[in-house]
Every structure is written in C-alpha cells, then in structure tokens.
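Q: I would like the entire structure built from these sequences, with the hints used as guidance.
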Amino acid sequence: MAWHIMHQAERATDEKPVEVPTLTLIKWLLKILAPMKFTVLAVVAISIVNIGLNVVTPYLSKLIVDKGIIAMDVNALVFYTILAILAIVIGALLTALRRYLTAYLNQRLLFDLRHKTFQHLMEIDVHYVTQRPSGRIISLITNDIAAIGEVVSMGAIEFLVGASTIVGAIYMMTTMHLMLTLAVTSTIPIMLLLTRFFAKKAREVFRETRVKVSQLTSSVEQSVSGVRVAQAFTERRNIDVQSFERISRETMATRVKAILISSLIRPSLDSVRALSFAILIGYGGLLIVSHEFTIGGLLAFYGYTESFFRPIMMVVMFYTTLQSALAAAERVYTFLNSEPAVKDTPYAKDLEINEGEIVVENVSFSYGSNNVFENISFKVEAGEILAIVGPTGAGKTTLANLIMRLYDPQKGRILIDGHDLREFTLKSLRKATALVPQEPILFNDTVLENIRAGFPEASREQVEGVIKSLGLEKLIESLPQGYDTVVAPGGENLSVGQRQLISFARAMLKNPKILILDEATSSLDSRTESMIQEAMVKLLKGRTCIIIAHRLATVKLANRIIVLDNGKIVEEGTHEQLLRRGGLYAKLYETQFGVLVQPSIGSS
Amino acid sequence: MIYVAYKGKSAKRILPRLFKYLIAHKLLFTISMTLVVVGVVVDLLLPWISRDVINNIFMGSTSNIWLYAAAILGLTVLHGAIFFLRDYISGLMSQKISHNMRLQLYRHLQDLSYSFFDRVDVGQIINRITSDIDTIGNFISSSVTQLLSSILTIILISMILISINVSMALISISITVPFIVIISMVFARFVRPIFDRRWVEQSRLNTVVAESVSGFRVIKALGMENWAFTKFQSINKQVYDLSMRSEKLAARTWPFLNLVIGVASAIVYLYGGLRFFNNEITIGDLVAFSMYLGYLVWPIMSFGFLYADYQRTSVSAGRVFEALDAEPEVKEKPNAIELPNIKGHVVFENVVFGYDPNKPVLKGINLEVRPGEKVALVGATGSGKSTLIKLIPRFYDPQKGRILIDGYDIRDVKIDSLRKQIGFVHQDIFLFPMSIRENIAYGKPDATYEEIEKAAKIARIHDFIMSLPEKYDTIIGERGVTLSGGQRQRLAIARALILNPRILILDDSTSSVDSETEKEICEALKELIKDKTVFIITQRLSTLKLADRIVVLDNGRIVEDGTHDELIAKNGLYAKIYESQILGSRRV
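Residue numbers (this note's numbering), protein chains in the order written: chain D, 1 to 604; chain R, 1 to 588.
Warning: the hint list may mix true and false statements.
Stated by the list, open to error - Simulated crosslink set (DSS-like; lysine-lysine; CA at most 27 angstroms straight-line):
# : chain 1 : residue 1 : chain 2 : residue 2
1 : R       : 96        : D       : 200
2 : D       : 474       : D       : 541
3 : D       : 27        : D       : 37
4 : R       : 237       : D       : 37
5 : D       : 556       : R       : 576
6 : R       : 454       : R       : 471
7 : R       : 444       : R       : 471
8 : D       : 474       : R       : 390
Claimed, not checked - With beta-carbon atoms standing in for the labels, derived distance ranges:
#  : chain 1 : residue 1 : chain 2 : residue 2 : range
9  : R       : 555       : D       : 457       : 32 to 40 angstroms
10 : D       : 26        : R       : 162       : 45 to 53 angstroms
11 : R       : 190       : D       : 97        : 16 to 24 angstroms
12 : D       : 26        : R       : 328       : 48 to 56 angstroms
13 : R       : 350       : D       : 534       : 35 to 43 angstroms
14 : D       : 39        : R       : 226       : 23 to 31 angstroms
15 : D       : 26        : R       : 448       : 49 to 57 angstroms
Hints listed in this document are in silico derivations from the structure and should not be mistaken for laboratory results. All values reported here derive from a predicted model rather than from experimental measurement. We put the CB at the ideal spot given by N, CA and C, even for glycine.
A: This is the structure in structure tokens:
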C-alpha cells in the first residue's frame, strides 16, 4: 500500500527532553571553537593583563590612603592617583578589545552552528523530517542556537579570567595578612555547594523550557500554515485558541520556575559574600585596633574581597546560565549526531547515468509496520516511457521515492544501468534524475530562482530555453514581473496549475536522464495539459520516464503500462493489451470512458 | 512581503502602549515597585554602617565591632530576600505579559484575512510570537523596576554624597553623568537601524528554514540542497555581519562608561585626600564616599543598557504592534446580523476583484445561482475560477460590486454565521498533524462518531481508514505528506461534508483521486447534495457530471452559461475545452 501514515508520528506536544552528558557537550562546543583558537588565546592574554590591573587597582587605593592620605604626603597622593587613572584607562581599552573579540567568537559560533545545522538538515533523510513537526526543526535552528550563543564563548573566557582573578586576589591578600585571608575566604566552600545545587536544578528547568519553546514554535507554524483551512471552519477556532493558550501557559509556568531559581542565586551568593564582609569588618577591625593591620590594608582587602567575589559570582551565575545554553546545546548536538537513514555508502562513486535503464529487483518496503511492497520486480528499458497506474494508495508514489533513493528498500535492490542505487553517490544519482511531485512546492523567491533551484549554475538563457521548449512563454508573460515575479509564501499568488508548470520546468532544466512524473499535471486544465504533452513527446526522447497518473489521458504517452494494486503488480502491457484483458486497467479506463460516451451532462 | 524597515514615526507610541501592558497587572506592579524602594534603601544602609565602623576603628573603639558585623550580615540577608522577591515577581509579571500578548496576537492572526498571509511569511510570524514577545515581556517588567531603582539610587546617593561633602559630590557627579548620557545617546542612535535590519534578516532565515522543512522532499528529489544551502548561508552571513556591527558599536561605547567611572573615583581620592589633609573630612567619610561612588556605577550604567535594550525592544514591539494593528481586510460590520439558515441562493452583482486592485482577475461578474443548483465553473488556468469561489465565504472582498446570499449582502452578516453554512474544499489540501478523527471533525469538534464515519464513507475514505492499525485515531504526519494526494483530498471532502453545509464549494477536489474512486465519490455525493447549492471547479468529467449548469470563464469574464448540451450546440469555448478533453482521452 502506498500510503504510509506514520501512526508513530510525533505530535507537536509529544516532545521529550533529551539528555546528553555535560562533558560531551563541552568537548563538542570547544571543538567548534577550535578554528578560532588564536582569538581565544588573544582574549585570554588580554584578560590576564586585565586581571593584573584588577589586582593592582585595589592595591593602589591602599597606597593612596596609607602613603598619601594618612601619611599626609601630597606627592605620593598625586603619584598614586595618576597611576590608578592610568591603570583604569588601560583597563578600559583592553576591556573594549576583549569585549569585541568575545563578541566575534560568539557570533562566529552562532554562525557556524547555524551553518552546520542547516547543512545537516540538507543531508538528513526525508523520513526524519516528515515525521516530526516542522516547527521543531525551525526552533532548533533559530531559538536553540540563539540560546547557546553568548554564554558559551563569553562564559569560557569569563570562567578563565574569573579563576585567575580569584587566585591573584587571594595571593595579594595573603601577602598582606594570612590569617585574615583565611578567615575571609572560609566562605568559598559554601559558595561551591550552592553552585552545584543551583546548577542541577537549573538544568532540569531549562531543559523543560527548551521543549516548551519548541512546542510553541510548532504550534504557531502549524496555525500559520493551516490558517486558510481554519478560517473556513469557524467552529474550530475556539479549540485552536485553547490549545495554543495551553501551550503558552505551560511555557509561562516553566519559565516562571526558571525565574524562581535564577532569582534565588544572586541573593544567596550575596548573603555568603556579606558573611565574608562581616568577618572582614569584625576581625580586621580588631586587628587594626591592635595595630596589626592598617586602614588602607582594610580598604584593599575590601577591594580584593569584592574582586574575588565578583568573579566567583560571575562564574556561579554563568554556570547557571550555562545550564540554559547546555540544555539548548543538547538538542542541537542530538540533531547533528542523528545519522541520515539514507546516505552515501562507503563504496559509493560518482557514476554517470548513460542509458537510464531501471531494474527493480525483489524489492520489499514498509513504512514502520505498514507493508507497502513485498517482493516487487520490474524493469524499465533505457529510453522507455512507463506509466504506473492504480487506485489511490496502491504504492505509486512510494515507488517514485525508492527510485529517487529518498528511502532505501528493506529487501531487494534497484539498479540503474546495472549499478545498485547504493553504488551511486546521492549527488550523482540525483543529478541525473528528476521528480515532478504531486505537490508543486515553490519557495519564497523569484520564479527564475525557483526554476533554477535544481540546477543553480543554469544561466537565464538556459531557463528561457526550457520554458520555450515546454511552450510556457505565455505563462511567464502572464506573471506581473515575468521571471522576476516573487512567489508569495506558500505560492499563494499563483494557481496550482501555474505552480505545477513551474515545478515541471524546474525538473526539465536539470536535463535528467531519468524523469519521474508523479501526478505532475493533475491540476492543469485539459488544454494546457495536452499542450504540455505535445511538448513532452519531443522532450522525452533519449530519457527514461516513469509517469504516475490517475487521468488515463496522461498515460497515452507511455510505451508500456504497469497496473499496481495493493503493493503488487497486477497487470502489465500496452494500453490495447490491457484493455483486452478486461482487468483492473480496463475497469479504471471504462470509468473514464463511461463519462465520455455519455455526453449528456446537464441535459437531464 | 512586508520587509519594510520599521519607521520611527510610530515609535513614540510604543512606550505608552508597552506601559499599558504593565499596569494591567496592578497588584504585581505595586508589589514589585514597593520592593524596589525598600531594596534601594536597605542597599544604601550598608555603606553607612561601614562608615561608622571605620570611623570607630580609626578612633580605636572596638566595643560594637561585632554588632556592626552582625548588622551587616543581617541587612544583607534581608536585602537578598527583598531582591529575590523583586526579581521573582517582576519575572512572573514579564511571563504573564508575554503570555497575554501571545494570546492576543494569536487571536488577532486568526481574524486577519487571506491577503495578510499572502504577504507575510511564516518566519516573520514565528519571530513575532516567539522571540519578539519574549523580548518585550522581559523589557517591560525589568526595565521599569530597573529604572525606578536606578533613579532612586542615584537620587539617594547624591543626597548622601552631598551630605558628606558638597564640593566632592558636585565634582564626582558632574564628571560622570553628562558623559554617560552622551555615550548612551550616541550608541542608541547608531544601533537602532542595525537591530532593525537584523530583525528582517532573522525573519528571512526563519522563513528559509520553514520552507526547506516543508518542501523537504522536493529539495531532496531535485538535488536542490546546494541551492537552498547557498540561500540560507547568504542570509546567515547577513545576520552575522549585522550582529557584528552592533557588537563593534557596543565594544566602542561601553568601556568608556567604565573609564568615566574609574577616573571619577580616582579624582575623588585625590580631591578627598587633600580635604582630609585640611581636616575637612574624616577617613570614614572618604571610605564611605568611595563606596557610595561604587554603588553609583551600576545604576548609571544601567541607563545605557536600558537604552540599548529599549532600542532592541522597540524594534520587536514595532513588529508586534504592526501585526496587532493590521486591520483585517475582510471585516465584520459592527452592526452585522446573524445570517439565518439559508436556502443557498447566490447572486454575484457586477463583481470586480484583483489581488492587486490594479490588476483585476474578475472583471465584472454577474451570476445568479438558484438554491439547489449545481454549477460547474470551467475555464483555462488563470481564468479566475478559483478566485470567484473564494469570494463566497468572504476570504476576500470584491473591490466593486456585491455578492448576495438569499438576498443578504454577505458584507452585512456575521462572518462566522456565513462560513458556517459553506463547505469549502480547498485546492491545496492542508491537513493538521492530528488524528484522522480530529481532522474530519475539524469544523465540527462535537461531531459524533457516526457523523464522522458517515462523512468518511461518502468521501470513500472509510475503508482505507479502517485498514490502518489505529483506524480513526491514526495520527497524520506533518502536513499530511504521508498520505497520498488522493487520500488527502478525500479526507478534505469528508471534513467539508460533516458540516452539512447549504453551499458546497469543491475547488478541484478530486484531481488526485483515481477515476474509479472519483466515480464512487460522485455517486455518493449526488444523493447528498440533492438540495444543496454546489460550486464545482474540476478538470475531470465525472465530477463535472455532478453539475446541471456550466459557467465558462475566460480572462475574468463569464463567456458562456448554460447546460452541457446547450453549450456543446453553441460550439464555443466550452465545446472546444470539452473536445480537447475527449480528444486527449481518446488517444489512450
């Protein structure tokens, strides 16, 4: 049976969160950053200088207070102040540079991820894409990648810089007063424990958030695609609104959960920092009173406490936001690592198709548990025009899918010019073959570009040549801007017939050795169709062609007819032979012919 | 396509409009504002205590030192609790605002006419409902709390600084504030057009992805991967370039804020040091002063960030409001009446219509169809058949002339009451990724099992459905692509039939059905449509046979009208079309 309903197809709302080990993700992200390693190194170098300045500045303020202010030394005061200003100016310039380079890393990462993801999408098989809501893949390339963005490169550097600042600050503090340093830094383990706790919670919630965003996108995508139907069926509207409202509400609930966690982090860390600060004031104050420590020292300590707590807090907060990025990265990673079910075999070669002979040998195929073919065999001679006829759902389109290698058969094989399809690279196979599908799908681009899509190297003249050979100049002339007319989203500014003609021209432009027409002219009026057919008689010379059609008028071009029913070839022969046989073909033909011999429509 | 850059003209209306969404949540808004005020005050108490502590230490007094330390700790915890509540509540508010906006936009989109969706692609709409609305929601809730807290902090700190030392306060404020204002303004001025263009490119990116996914099979089958990839990659590059341009701008601007603040505090030390020499201020004052100055950094910088955020948000908000403000071209009159149960008498009076008003597709159509009449519309591709029938359920309104149903001008009745009585089978079949049952009952969600089955039987799809493992509960893949064309058409017919409409419109609805099945469908339909008004567009004769009157269109005009026999006898365009069909078929 040709239908292949995916009863296992996922609904937009069925999506489950994916889990990938953090280490794998981080390794993968670092690998993507690898080509930019010099930029990363430059940023780290700049950052280290910056850290140096960060560590020096509080020390300079100690000098200003102790050597300048308290010692009442104007020269020292001015000197150290100028030094401090210099440090600040250099710091600001370096920060600008660092910020820019980090942004570059970010945007490059986003760019590369989008690039990789779309490239992978172009490699994945039809089955993968058709059984998932399209909103999910859209969400992956747009929302998820954006969520990975900033955090990763910015975070990696922040982490490095933060860690070095902490080490530097603690070292400077120990040179001033060891015991005080130990007392003040005694809170660090508490912070680490808090970080672990929050990170774990955050990851779970962010995973859920990614799923919700994806569902929301799917829901919107589906509503927009189906809006014309929805408007014709007004009773449905409330249900659609309700289901959107439910997804939107769930999105809100998940986000609020995420907000709960992220708004807890800062105050918790602040409290720990205040604990350190309290220790500093209490213990440090006592030390000053007992003349073991200076006021300037206390100020510098305050500065250092700040300058090591700030990076710690940055790192902790980063680590939590990183969870959001990682939750998104999990999805992108999983997609990028999904193996296309149909791909080049290790022994595939760029083979040329010279003859175009097709042999289908004992092929069995099923979509999931639904058997379409069992052990089907037939041959199409080079240059032959074969028609495949049969009731709706007989397996005709599936046959086209298999010959184009959009799917691989479970058993048996298909040979072109004696080579198994799997010996061809997909590129070489599809270069020499073309399919004109039932649904004339056009893209939101000019008519010219749409025709050129399967053969982008084609010149405008070549496109014009194909249009002329098909006798479609009038069609192009009737469009507002001719070849440059932009096809509206969903092709709405063209009739289905016009779209079928463009889709036909697109296939012919490839000058394919093997052409498969799957109900390619079903929406044309009879005059246009017979015009196209006349053109085809010439155009099909030297090509192997498989015509799938319900309208027997289209079948007239064929040298031979195969009748398919329920996944089996039930009849085979020329039109006359099959009519004489009085089988399914004769029955199908009579239904149409029956109309013709009763030209009494409307006279009753 | 609406790729028009957002104009600054209506930008003035954006802020008040955003504010309206905010004050819709009065209680949450009040609570978060109160928390902001309390938070700021607590925030500023801390350095004040530090000042006392340091002055005490300097005086050699240690008596209260642990008390002070405890106070600092206590205040910080309190401070943390307040900030947590503030962030949580404003986050909650932002999510509520986003949720409401999403619903509002979604509802509005459903009211918009076909013509809106002819112009705006799916990527733009997805961008609006997902990321734009999130940007707006985050901005309005966080910006107002941030703004209030920044202003309050700056005022309070200025007062404190002035109370500590007037001249020092004036110097530090006059160094910092003007610079920060200028830097922010310059940034905003240049970044806005970049954000705007990036929005457009991002939408195009979404569209390319959406189209590539929905046209996936074609891309594969015709080897269009490179073409699609090149297209995607060039937009991807655009998004990258524009992002980098805004980043460059930010990198050139923001560090100056740090610089200004750093220089200001150095100057305070220098100046304050000199004052201390003259015993004009205490060391505690100086410390508190520099701490307070530190506290000024974020609030002042936040103006800059807020301004940048606002630029980004106003681009998003402009897009969302643009969609919310889009008037449906097909609008219900305020005094529209409920269309009573109709008989199905349809009259076209001098109807002129074009998708582009300058290029009419229908050039003056006059047509009366009596109740129960079955009219077939015949004509070449592009003659206006499909357009004509799309006017009956008011998918579009004619530019001139009017359409009457049972004597009611269809523009005078409620749209729902009109469409409810019309069954429309589109030429392009769209099925929803739901179960078959839900798809058939799409227009009548409360349909019984029997009704669904009956419709499926007439459309000759019941047997097929029953052969599926999960029968009517089978979920159809995205866009129904996993069904054959004929099966999808039959489901669409069942979906229209279940409404039991008085007027049935079949727009080439059997083109992909095999002739045997087509004949069966037509036989079943014949009985069902006996008393219905039916419009049929078809290329196929057995479906044409359902009609008892044939209207021939050519280039937007009705050129022939009559029964099959009359038109054949007339030997005009219809005879020619019919002939070519017969000739075409005879060659089989």
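Q: Among all the numbered hints in the text so far, which are the ones the structure does not match?
A: none
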